[in-house]
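Dock the two chains into a complex; use the hints.
Here's the letter readout for the chains.
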Amino acid sequence: MAQCQTESHLAAPAKQNNLKLHEHTNKITTAYFPTTKNPPPPHTSGNPISAFDSPTTHMTRNPDSEPEARKPTRTGMRLIVPLQGIVQGRGGLLLGSLIPCALVYFFQVYLKRHRSSNPQSPSTSAENLPELHRSSSRANLLTRGSIGRVHVSARASSIAKPNDSPYYIGLDRVREDPYDEMNNPNGIIQLGLSENRLSLDLIEEWLSRNLSGSMLAEGGDDLNIRGIATYQPSDGLMELKVAMAGFMTEVMGRTVSFNPSSVVLTSGATSALEILSFCLADQGNAFLVPTPYYPGFDRDMRWRTGVELIPVHCRSCDDFTLSIKALDQAFNQARKRGQKVRGVLISNPSNPVGNLLSRVMLYDLLDFARERNIHIISDEIFAGSTHGNEEFVSMAEILNSEDSDRDRVHIIYGLSKDFSLPGFRVGVIYSFNENVLAASRKLTRFASVSTPTQRLVVSMLSDTQFTQEYMKTNRERIKTMHDLFVEGLRELGIESAKSSACLYCFVDMSRFISPYNEKGELELWDKLLNIAKINVTPGSACHCIEPGWFRCCYTTLNEKEIPLVIERIRKVVETCKLSG
Amino acid sequence: MKKTRNSTTPTTGGGGATTAMRVIVPLQGVVQGRGGLFLGSVIPCALFYFLQLYLKGRGGRKSDDPPAPPESSPSETHLPEVSTLHRVHSRLLLSPRGTNGPAQVSSRANAISKQVDGPYYVGLKRSVDDPYDEMNNPDGVIQLGMAENRLSLDMVQEWLAEHTRESIICQDLSISGIAAYQSFDGLMELKVVVAGFMSQVMEKPQFFNPAQIVLTAGATPAIEILSFCLADPGNAFLVPSPYYPDLDRDVKWRTGVEIVSVPCRSADNFSLSTTALDRAFNQAKKRGLKVRGIIISNPSNPVGILYNREMLYSLLDFATDKNIHIISNEIFAGSTHGSEEFVSMAEIIDTEDFDRNRVHIVYGLSKDISLPGFGIGVIYTFNENVLSAAKKLARFSPVSSPTQRLLISMLSHTKFVQRFIKINRERVRRMYYLFVGGLKLLGIECTKSNGGFYCWADMSCLIRSYSEKGELELWEKLLNVAKVNATPGSSCHCVEPGWFQLCFSTLREKDIPVVVERIRKISETCISRS
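Just so you know, the sequences run in chain order A and B.
By the working numbering, the letter at position 85 of the first sequence is numbered 85, and the numbering carries on one by one without gaps.
By the working numbering, the letter at position 447 of the second sequence is numbered 447, and the numbering carries on one by one without gaps.
Next up, chain B with everything else stripped away, as it sits in the complex (with noise of 0.2 Å):
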């Protein structure tokens, strides 16, 4: 060693750059004895690897840390309770027990109660706070934001009022069906109900298997509870655009989930295509994303339209080919309208040999029978996996009895659930072609729709300028001077600005001329001035 370092130094006695090698890298010398080969590569990576250890032993104490900027930012944790913190500082100098300032909130909890609300919201806040009415508050915000269906409430009122009594405590069963525990999923009698109404309402015979059913507080929770079964945090969900506005709240919130929007335009008539797919799938895996699943609501909300089969198989093979989950939410598949057929992602799976695995479906009873207040959602799942955690998770989201009690009468009351079907179909038939021709008058176009309570409407020539800022113009102009509120299209995650989709079913026939009345002001206004 020593007589190396001898020999060198004079020869680079003009050149520093081989001593201060010498010096800097100290493992120079093991590189160049014998066992270099071996120990010149693996003490780096040793050192490497320590290093790493160290940064993550920091780093992991680090993001502890994080909860707390949001107790010491300045917005809104402090400034409600300034008076508070003024309270306890003089507590302060009385015990010698000194607070560190107010309790922080988990950052979840921070992220969710600032969480800034989109137009959505907003205008939903709108609508309940100033209503409508054509008697009390006839300059009131007419509500076409809220996918609810109105039109048939009399014929849920005139049975609830026959019958509630009898079928929450009938003769045979005692109170404690309906005031002791049951298990969380729902009570076998409504799953068997409810499968047969899933089956009527698809006008399929018998295919639903109530063992393969997870009743839930609404198809919300449902919803997340699959978001929670099918993914890890920081994986994602295909899901096509425009999407419902709450899916993002309902998969992404809690669980760490992440939605990756597969965008349709309207040259295609808003239909899904494969290559869109693909094209989002790849992009994702670029980005480092699993992708674990794709979403879709059919028919397709806000748009209305229905999947054929054929796009129904080549999701099935996609799904297949990449080895990714589907969730079909088929929450308004008895609100159709059209004369195209609705096909049921159980009937598919049902008629080809695909993997049953794979196929989740999410249904509710908000919408075809027009009972949001109830509260119904169902998880038909293929999986046991699936079925048997979601079982469990029903915990957090539970039916209450005397609710689920009253709807195992009403739904085997199959002469009322069968008339109830029929008249309601035909009334938001007639609705959607009322409204639409509406629109038409004032030359707004509706994408061509086969199903759901609302309208998808091109109000592209009334934006000014030709972006989402022009259509949140729009949009707000439609809710402070029409007062109608619609949910603009970027809310929908809409890759084209101008759509709104508007919902008729909380209309009664003769409001349709106000609504339409309403619009047809800002259109006046939009187009004299451009």
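In isolation and in its complexed conformation, chain A is listed as follows (with noise of 0.2 Å):
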């Protein structure tokens, strides 16, 4: 009878009533205290079985209790802590220790289900009260009634959230309201879109000689048709491929000569980073970069990828140059952390400084690569864009001579910049590393260039002499345009990084803002953008350690609008200078 009712305790201890139940014990307890006395020693060693049973429970456990003193207590436990009876017996270490546990196993996996509904509701409904409102008086009216709102992923809902950053929201001001000479003369102008306008009459004409010999082969047979309208290789055309990897030769000095074979073609080098940050790194590894670093890289390299970026500071007192113990310094840090370094992310010109990597830098950046067995992307969409003397350096050239183990390095390329083409959306990957061209071509099916756009770029790229004219005049105009808004700049006190790439000058505006901090920074920022409406990058959004530093593009200016940007920049810098 005490079996089958401490049993009862065992089986369903919530369902009863605990006043009942308590007095229920007591009797039990107390009516077996003369047994339990004096044990009979066949009971507790020869039968294992029975050690689970209610007797030989209380055995155990009497001698050492002076029953008057401890019977509330123990009573007290039998109820709430229903195992008792078990941690008692013979199996009880084990079971005594597992049913704890798998009862705060089970309660955790029931908390967790509940949180991972959860999160996204708060951002969602809060955003749409008025519609969640709507929808919950029509599941009155209809049978359908609907449970709330639909979720989105919680990936999508962190990337549509609005621009936070200082960069994306000054884009977006200046697209709604356009500096123009005739129109809108109190516009913003645009210094913080990396475009270069200042060649393309050149393209415009020799659009305008051979558009549409271009994309519909003259004659127009059947076979134009098909080459333009079917489906095609998503990673390019080859005739594409082998004009962009003879385009590549030449503006990066003809000193290396590109393999049509490892070219990979996507839409534009937003794409191209993207794919080589899926390819090189998984889920939580990271990559380090030199910081100043272009904003947009945030994006590209991490969002829907997953993957961290460690800036690795580089300071003005060496010109924003890289130096390999700071990359080491912060490859140990993230180890530490334990975080898996996948590779170096460098743009070489680099953006937005401007400046060239030497020789000497690239070789011991490989070094750095080899020593870690990570790998290189080197960012080298501004090769043709240099105006100084220094020479570029690619990547590419250091392999070759070298003939080291190459299939660490990748290089981006596209037409944006140096052709001044972004419109086109024309990206490279060229990879010196099979596994990462096989798995970047079976991509580029998410981000295929056009067909029509492929053949224009075909003809285009496929008429050298338009090409090295071109690019010719595209450098001088660099200069000049560069030269004259760093003089400019130079008179209102303005001193630029030295540069001698890219479409920018990074500009050292440090003594004009008033707490030394990126607070000040961003209210110089504000300045600019609203009182003097002209759109600069400030140096924050690019990750610079130091504040008061921001990124202007000149080239999509003209000549006569450079007075007039610096105009604007006097007034603010005045008024910086006499409230300091």
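These are calculated hints, taken from the structure and not from any lab test.
Accuracy of the hints is not assured; some may be wrong.
Selected chain B positions facing chain A (in silico; Cβ < 10 Å) [to be verified]:
hint, residue
1, 225
2, 289
3, 495
If you want the footprint, here are the derived chain A segments under chain B, 3+ residues with CB under 8 Å [to be verified]:
hint, segment
4, 229-239
5, 426-438
6, 451-461
7, 515-523
Simulated pairs of lysine-lysine, BS3-like, Cα-Cα distance not exceeding 30 Å [unchecked claim]:
hint, chain 1, residue 1, chain 2, residue 2
8, B, 252, A, 533
9, B, 114, B, 252
10, B, 391, A, 161
We put the CB at the ideal spot given by N, CA and C, even for glycine.
Dropping the structure here:
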């Protein structure tokens, strides 16, 4: 009888009335004291099964307790810790630890379930309160009741959030209110978008001469429409790869020849970067990136891939050049945090500073990568936009001459900067790694270049006379603009970092920011945008560690606009001086 | 405490059970004390929790390591690099800085580059390498595996020959209109004409709103972007099978999302039933998979049937009930050839009071205006959140501006578009009847279909063993002996063996007898052997 009573505690303690149970157990314990005082030995040791029985339970516990004093505690325990009986039996040590653990585990699982469905709801529903209202009222009318708003994925809701970086805010502002000499003289002047409009007239001229011939070759028989309208390999037409490899060879100074079969074409360098990020790193891995770096890297490398970027800070006192020591330090810190570094991402010529990586530096970098067994992504999209006397050295050239293990080097190129055709969306992955090439070829299904554009670009790039002329003129024009712009700024007492490439200058306005920190920098940026009406990119958007630096892109201007820009900057700078 | 121990030891001299317990469960003392009930449960729990933490910490570190195996696996990574490896070693002797072997790529890249292509991709490659040509390569492989429409290319060509020039550089638009940066999600002008084109193709008055459109470089990235936006890694979509083979790559590859197929059977003419959906949903739930939506293709690919109004309503009911999304791929909307009416999901949403936030439509210009090379995809969504995320993600698959300009003028040329749609539909219908008729002569029946450039043929009478193996044997025979590339049902995840998708729109009328003749040879050997 006693046995089955205790069993009922074990089975369903919660269902029973607490008070009733209390009385019950009191009875049992008192009833059993006499017998348990003199326990029959065979009961405990001889019969292991009986170890689970309640008599044995009491028997083992009894000797160590004075019945009167302990009674309430023990009964209480009986009630609330239903496992007591088991714990004290033979299987006790196992079950007594397993069962609570299992309980905690299931509790955790339960919590996890609940938590995972929750987090999206506050953000999505909070934004759309009025709509929520509507759908619930609708549920009353219709038999088809809606459970609530349907959730989007967590990654989409983080991407869908409004832009918070000044880089993108500035770009949006210009789009809404662009400067135009005639129609909107008070509009915002764009110095934040890295686009080259200096030589568009050359492209236009070429197009007007050759357009119809290039897309649908003259004659127009059946083969031509098939050549542009039907499915083509997603990684680009072979003709374009050949033309592109030739163009790259030319741009990089003919010191290295690019192999068309290592070229993968993508819809812009943006997609090229993302594909490489997918191919070289897994979720949670990281790339080392020397700062200041191009603000778009954050989106391109990280958004969908789940890869992290670790800034490696370069300073103005070194002319923002990279040091292997800093790289090493960042690498070790990441490793200490348990983060796996899969590569170094450099831009050469560097965006936003505009300096070139020297040959020695490139060798050191390669050694560093080899030592750590990591990749190098070299973004050389500005290779042809140099304007100084310094020589540009491609990563490909280093590899050729040293003949080392090349499969860790990947080069990004595109026609957006050097050939001023960002609207065409033509990017290039040039990799020495067969595995990466194979994977990225397959991934271009998500980022292919449209065929009419490819045909157009093929004939444009194959016209070598035109490309050579274009590159020469374009370089000269960039140089003129650079010199004019830098000179103008110098008159205001604003110095720029030494640069010999790219479409920007990276200027030091730290004298004009009032608290010497990011806040001060953003205040000045705000003033430039809203009072002076010019959009520049603040250094903080480029992860520059020193406050007060700004990237100004001058290739969207024409020569006569430079005095205007300088004038607008002067106004703001003077108020800063006065208040300072 | 001491007293306790002393008194127990003698009693249990015979039975070691209690002593053992005392010794091994150190909490015994605590449990029996006054705070027992509390401590006795908290302490094991805490211990267990810390154990989990410890395991997690180690597990985390471990899960970082797996990328390593691919690198050390002797398979393809190393083999092509044997020569480089060798060289590296010799360098190692020269320079003090040693190398640790070839740089490893990510495990996801490895998975993608090493994935063995299924018969669908093998067949496509074969027919690209050795294409049939009446004059130059009469023994080449005839392509019936690619859903591409070449029936009306002449009209497109005619238009392009006349208008390419002025459409790309029109007088009033300067070069910066095509060369400069544009918003990644497409030019507004193109969105307007695409919305108009969609309405025209679906034969409905203008009800597509250009502001709800995101343009991408083809329908492939459109589906991937939606997959990113609607599901997190490890979540799943329900997809009625058979479904077209590319969907696996589009939905799953980079997103980490799963597909749960919902089998449809020939007995129901491969139409979807909500009971099957419900069963798949519950099974997925049991497996711990979170289902975030349904992906349908309407007209369905590969079968070619249309979803009727009632089915669309019950789908929406189902989605509402489970609070999930619907992606409706309507890329073949304008390529119907039967008498049945095509009903877009957008229309249902328009007429009934459903929650529009859960409906997303995928469209493209690859099929209905036969311009796959242009690579224009459309995401049409009613959900503000998805719209803004998709617009930002379009940076990874933008359409190049010259192409956009070209299409703007092509699609705004209403007379051309109307004529094209009409003639193209007639041609598709004619080819469909010719092709199905030819197959019927061989005793091969096709499911009754109303849309698409393909028919879904039942060749189960020709397979030797009624299984996937038998089906693939037949596929191989078709490809290598008959030199016809068809897509086997198993590539489309069809549960019944012996079905093949045959796409007829890459053929010319006079090619049909050739195809039928080639299949006849195979069918004769199959039948005679059995």
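Evaluation of the provided hints:
no., hint, in the structure
1, 225, "holds, 9 Å"
2, 289, "violated, 13 Å"
3, 495, "violated, 27 Å"
4, 229-239, "holds (count 4)"
5, 426-438, "holds (count 6)"
6, 451-461, "holds (count 4)"
7, 515-523, "violated (count 0)"
8, B:252 to A:533, "violated, 46 Å"
9, B:114 to B:252, "holds, 16 Å"
10, B:391 to A:161, "holds, 12 Å"
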